[in-house]
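Residue 259 in the numbering used here sits at position 72 of the sequence shown; the count goes up by one each step and never skips.
A couple of the hints might just be wrong.
[Unchecked claim] Derived BS3-like pairs (lysine-lysine); straight-line CA-CA distance at most 27 Å: (1) Lys359 x Lys378; (2) Lys378 x Lys355; (3) Lys378 x Lys263; (4) Lys263 x Lys355.
[Claimed, not checked] Derived CB-CB ranges, DEER-like: (5) Tyr323 x Ser388: 36 to 42 Å; (6) Phe279 x Gly210: 20 to 26 Å; (7) Gln244 x Asp392: 18 to 24 Å.
Keep in mind the hints are simulated off the structure, nothing from the lab.
Virtual Cβ for every residue (Gly too), placed ideally from N, Cα, C.
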Amino acid sequence: MRSYAETYLDQEIRAEALTRNLGSFSRFLEIAARQNAQVTNASAIARDAGVGRTTVQNHFEILIDTLVGSWLPAWKLKSATKQVQQSKFFFFDPGVARALTGRQAYPATPEELGPLLETVVLHELRAFLNYTGRDYPLYFWRTYDGVEVDFLFETQDGFVAIEVKSTKLWDKRFHRGLRRLCSDLGAERTKCFGLYLGERSALWDDVQVLPALEFLRRLWGGEIVR
């Protein structure tokens, strides 16, 4: 994976002359990878990379143009006024994102596992929706007080909300964002799923809790989105 990152910088960025300062782009790349699957703060990235905010925005455009990553926009309820509106940036592969941080040789910490698992789920969702011809845009939802749902999309039958946790034990506290979202969208219109690294499936407070592999099996089997 690290060799991919080096090849990308050499063949895609330097060879195509996509930026004049390869050093600053390389620093940006590492910092952006550390924020993979998190709400993107361009000003903070610019400060840490020692470049201007406009440069950071241009660098993200390069990542998009070279298919290294994509944006996940925030869902904005028309009636709501206090919701996060910045997007999240996801690299196209969790292994590449981890290699770019320089931490691939070390065991992933619990703080790192969450974004990595979310990256896998995002790309599986997008692949399924594209492959099956379902034109449902994907979003995340987050309030200013930190309540969040990892993935949300609207189908012809209502909404699908998904909370992802990189833990082997599911906790009822993980339902907080799903409950808040259901109160805004309507529980009768929202199917809620919890995805985790445990082994047992359960229906808990109208949340279908599934092991990650079982969720993906049901997704591709047409049981999550009909």
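Report task. Take the C-alpha atoms of Lys378 and Lys355, compute the straight-line distance between them, and say whether it is at most 27 Å. Result -> 22 Å, holds
Query - Whether the CB-CB distance between Tyr323 and Ser388 falls inside 36 to 42 Å - result: 24 Å, violated
Requested in this report: Go ahead and decide if the range 18 to 24 Å is satisfied by the Cβ distance of Gln244 to Asp392.
Outcome: 41 Å, violated
Query raised in the report: Per the hint of 20 to 26 Å, is the separation of the Cβ atoms of Phe279 and Gly210 within bounds?
Result: Once the Cβ atoms are compared, 23 Å apart, the range 20 to 26 Å for Gly210 and Phe279 holds.
**Report entry** Given pair status - Lys263, Lys378, alpha carbons within 27 Å
**Finding:** 18 Å, holds
Query raised in the report: Is Lys263 close enough to Lys355, meaning Cα to Cα at most 27 Å?
Result: 31 Å, violated
Query raised in the report: Does the alpha-carbon distance linking Lys359 and Lys378 stay inside the 27 Å limit?
Result: 17 Å, holds
Figure legend: structure checked against the earlier numbered hints; hints not met, in rising order: 4, 5, 7.
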